[in-house]
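Protein chains in written order, with the numbering used here: chain A, 107 to 204; chain B, 4 to 407.
Mixed in with the good hints, there may be bad ones.
Quick list of the computed label-pair ranges, beta carbon to beta carbon [unchecked claim]:
#, chain 1, residue 1, chain 2, residue 2, range
1, A, 182, B, 201, 49 to 55 Å
2, A, 173, B, 46, 36 to 42 Å
3, A, 132, B, 359, 56 to 62 Å
4, B, 6, A, 185, 19 to 25 Å
5, B, 295, A, 161, 27 to 33 Å
6, A, 133, B, 13, 51 to 57 Å
7, A, 178, B, 282, 26 to 32 Å
8, B, 161, A, 185, 56 to 62 Å
9, A, 132, B, 91, 20 to 26 Å
10, B, 31, A, 161, 19 to 25 Å
11, B, 402, A, 143, 38 to 44 Å
To be clear about the criterion: a stretch of chain B counts as covered by chain A if any three or more of its residues have a C-beta under 8 Å from a C-beta of chain A, and this derived list gives those stretches [claimed, not checked]:
#, region
12, 80-87
13, 96-108
14, 331-337
Hints in this document: simulated from the structure, not taken from any laboratory.
Computed from a predicted model, the values in this text were never measured in an experiment.
All C-beta atoms, glycine included, are put in the ideal place defined by N, C-alpha and C.
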Amino acid sequence: MTITTDSSRDLPGREAVAANLETFIRERFQVKPDDAFFGRGVNLWEEGYVDSAGIVEVISHLETTWGVRIPDDALFDPRFGTIEGMSETIEELRATSA
Amino acid sequence: MAIVPLSSLDRWLGPQRELDRLREHHLMRSRGQLIDLAYPNPDDALDPAIRAALEATLADVEGKDLQYTPYGGATVPRRHVARSLAASHGLSLRYDDVVLTPGAMSALQVALATAADSAACDSAAGTSAVNEVVIVTPCWLDTPLYVARLGLEPVLVPVERPSGTLDVDAIARAITDRTCAVVVVQPGNPTGVLYDEASLRSLADVLTAARSSPLLISDESHSAYVFGGATFVSPASVYPRSAIVYSFGKAWRMQGQRLGYVAFRPEFRDQGWAAKAVLLCRAMGYATPTAFMQRALARLLEIPHDLSAIERRRARCVRVLADAGYELSSGRHTMFVYGRAPGGDALAFVEEAANEGVLVVPSTLFHETGHFRVSVTASDDLLDTGLRILTRLGPATTSFEEQQ
Chain A
107 MTITTDSSRD LPGREAVAAN LETFIRERFQ VKPDDAFFGR GVNLWEEGYV DSAGIVEVIS
167 HLETTWGVRI PDDALFDPRF GTIEGMSETI EELRATSA
Chain B
4 MAIVPLSSLD RWLGPQRELD RLREHHLMRS RGQLIDLAYP NPDDALDPAI RAALEATLAD
64 VEGKDLQYTP YGGATVPRRH VARSLAASHG LSLRYDDVVL TPGAMSALQV ALATAADSAA
124 CDSAAGTSAV NEVVIVTPCW LDTPLYVARL GLEPVLVPVE RPSGTLDVDA IARAITDRTC
184 AVVVVQPGNP TGVLYDEASL RSLADVLTAA RSSPLLISDE SHSAYVFGGA TFVSPASVYP
244 RSAIVYSFGK AWRMQGQRLG YVAFRPEFRD QGWAAKAVLL CRAMGYATPT AFMQRALARL
304 LEIPHDLSAI ERRRARCVRV LADAGYELSS GRHTMFVYGR APGGDALAFV EEAANEGVLV
364 VPSTLFHETG HFRVSVTASD DLLDTGLRIL TRLGPATTSF EEQQ
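With the rest of the complex left out, here is chain A (with noise of 0.2 Å):
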């Protein structure tokens, strides 16, 4: 799987990071592009998008492409849930390392 990720480390806005999250999530969890029920604001975990060992990958991925070390009481906030609260997540913790 190719996700690109140097153009998006430019942009520094919520939804980039939101997008590249999202095209990450649909094509490593299997994600169909007509599934009504996926959005930005569903929990991932709570409706079965992303597994226990699935949890580790999207981490991994967040830091790696957007150069950010993830506390963890992030980490374990209910925003954490969602792509829309893991985008907040790290558009705030670039904000706080600029």
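Assemble chain B onto chain A, guided by the hints.
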């Protein structure tokens, strides 16, 4: 729950053993030329679309994709099954309502064990023992065996004759305060009868009124084999306390790859039945399906079933056997044709057929007397050879050639 020794299960183990003995004997006698119309192993080549899906899955494998998956299966394929059932059954299932199993046999075991465990909890809580399972017969051969092995009591309720439809009044009479589950196969194997919505709703009324709130286990392993544009109605869609048992292998014609599931309706979510089923998989030592088949599932679900060859062979088998004077089940579905054994003795007829070179299944395996089952999954040539022999043994005097 006490362990039930095999020695006390002979009533349920015996018929299959008898068929296996017969098969082995006649395979040797015929030097391997016995026409096997008993077991539904397809002679047709693997569907190219299915082959392509399997190859694409393998090409995509990376990392730990083929390592252990959790009891109950990996989350992603469970979600795909839940979505598929949402579309086909109109049930708002989630991934954790679905428990993946190596085929329908273990799915049925897990469903029964979950019902038994919950009933045992009820019994321990002070209600009387809830340990009976009502099974509509003729049924899949080992359903009563599984029930008895779990320390439960199989209560067999025959379908209406000659229609083969559900005898809801008889089921109502069989249900007691001790009934923990009812097993229905839709469409019926071996009869091929598709139960209609009215009879299923009547059954649901009976179950709703039952004081023991039994689990309805809807075995839908043959639901892909519904022909002629008939509408499949799931028993689980009309009664909330239901679990669906399914095997993908039959529709994909690769039964040996062992991929199935039991899905509990959302009404059980608060009671944690699916979670209990996952724990029972662990407690009973059931593995999940292979990681590879779980990964392939999403692609395979996209492929429409082309079972037209089976439908055509089934129609041909019905026509030939009817012309030969056999009294056949009115069922029009599944990969089987079911008929009354000339002379009335199922095993004697099957022995006679095997002596002539064709193996079919005596209805004793399905816990009914006097019938036999023909599988139509063999190639056209083998099926014709088998039908030629069965025509000779039929009540009518017309020869196979005269029928053509």
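Hint check against the structure, violated hint numbers in rising order: 2, 4, 5, 10, 11, 14
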